[in-house]
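Participant: Given next are the chains, with one letter for each unit.
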Amino acid sequence: MTFTPDQRDELRQMFVDFAESRDSGLRTRLIEAHLGLAEYFARRFSNRGEPLDDLIQVASVGLLKAVDRFEPNRGVEFSTYATHTIVGELKRHFRDKGWAVRAPRRMQELYLRLGKILGTLSQELGRSPTIPELATEAAVSEEEVLEALEAGQAYRFASLDAPSGQEEGETMAAQLGTEDKGLADAERRASLSPLLARLPEREQTILHLRFFEGLTQSDIAARLGISQMHVSRLLARSLAELRSAAEE
Amino acid sequence: MPTQDEVRLAVPATPEFLRLARVTATGLASRLGFTYDEVEDLRLAIDELCYTLIGNSGRRGQVSLRYLMTSDGLQIEGIGQFDDGAEEPTISDLTRQILRALVDSYEVGRNTSGHPSFQLVKRTLASRQR
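Which chain is which? The protein sequence lines are F and A, in order. Sequential numbering from 1 applies to the first sequence in our numbering. Sequential numbering from 249 applies to the second sequence in our numbering.
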């Protein structure tokens with residue numbers, strides 16, 4: 001995207017004015033002037049299996065944030081600043097979708113297989129299995145188990161081993177109904193961090209059970225009727241979301 | 249903690265390299281007989297502490313990690329050496345609560361040479377029951 005020197009000066013002045021006035025008309029004009037930038041980056045991410053239109057939406061959200069937060073007197077060009085914000089938004093989108101980088105298919109398969117083995121072994125042993133135990137059962141090396149588990153944290157696969165959303169929702173609802181000291185806990189959580197409230201209810205519950213009630217990941221899985229790996233993934237993702245929300 | 253084997257690792261202070269910090273931790277944890285639950289806890293704890301040092305988007309410089317394997321478990325130290333300062337890392341009450349649930353003990357602050365640093369201890373279930 002290129003502007004003539006005159007346009008550039010005009011935009012710079014608009015940013016200065018907008019920083020003063022927060023005028024919504026100016027804001028719209030600034031956003032419109034830079035939509036090309038959002039589209040440009042959306043295209044750069046478009047070969048990863050997401051519809052371009054969705055990506056343009058995501059990139060535009062990044063652009064909005066950039067326009068709102070840009071401080072023209074900092075001596076940074078808007079395009080530089082916006083690039084950072086837009087790419088950040090796109091990356092976050094992919095990270096949340098779990099498609100940022102695809103794990104090798106073999107690792108995906110091993111990960112899914114380990115999920116089943118983990119459930120069975122935990123029941124048999126009456127405790128969480130060790131990594132060597134998982135490796136023996138899966139007939140792979142310890143390193144491969146660890147690699148697959150790491151891959152599972154970073155990547156979310158399309159076919160999750162969890163029950164469908166609705167079933168899970170019902171389990172959660174039943175679970176929440178039996179929580180008698182829910183309110184006091186909610187207050188305690190809220191006092192620790194308003195950020196928690198921004199997470200989906202299911203994630204809030206899992207975080208609460210793990211970090212405030214001290215249940216293990218296996219306990220939580222059993223209690224909520226979802227797989228242990230699903231609990232691991234949701235915890236990792238929630239903590240990542242909390243971290244990025246805290247920095248905003 | 250007697251008998252210590254030590255592993256050291258230095259990585260660029262950016263999120264994509266934290267994977268190596270996690271994999272090293274879980275690899276050693278596996279050798280020590282940690283369970284799946286504990287390994288997953290350790291992975292989360294390492295992330296929380298490393299991000300406390302480098303922030304979400306990383307910094308210029310590196311994080312040096314030192315892993316000590318003891319008969320009780322694993323002790324991990326992380327030191328941030330950054331080009332743009334060495335301010336004391338801050339940690340929220342929520343993160344404290346999270347870390348308390350994940351590891352047996354942890355510390356965040358500055359080491360003796362003034363670098364931002366952390367330390368954590370995760371003991372095996374067997375050693376905690378002794």
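Hint data in this document are derived by calculation from the structure and do not stem from the laboratory. Heads up, the beta-carbon is just placed ideally off N, CA and C, and yes, glycines get one too. Mixed in with the good hints, there may be bad ones.
So the derived label-pair ranges between C-beta atoms look like this [as the list claims (entries may be wrong)]:
hint: 1; chain 1: F; residue 1: 71; chain 2: A; residue 2: 332; range: 15 to 21 Å
hint: 2; chain 1: A; residue 1: 256; chain 2: F; residue 2: 12; range: 19 to 25 Å
hint: 3; chain 1: A; residue 1: 340; chain 2: F; residue 2: 21; range: 30 to 36 Å
Chain A residues, not near chain F, derived (Cβ > 12 Å throughout) [claimed, not checked]:
hint: 4; residue: 252
hint: 5; residue: 256
hint: 6; residue: 259
hint: 7; residue: 263
hint: 8; residue: 285
hint: 9; residue: 305
hint: 10; residue: 327
hint: 11; residue: 360
hint: 12; residue: 361
hint: 13; residue: 362
hint: 14; residue: 363
hint: 15; residue: 373
hint: 16; residue: 378
Participant: Could you work out which earlier hints the structure fails to respect and list their numbers in ascending sequence?
Facilitator: Hints 2, 7, 8, 9, 15 are the ones this structure does not satisfy, whereas the remaining hints hold.
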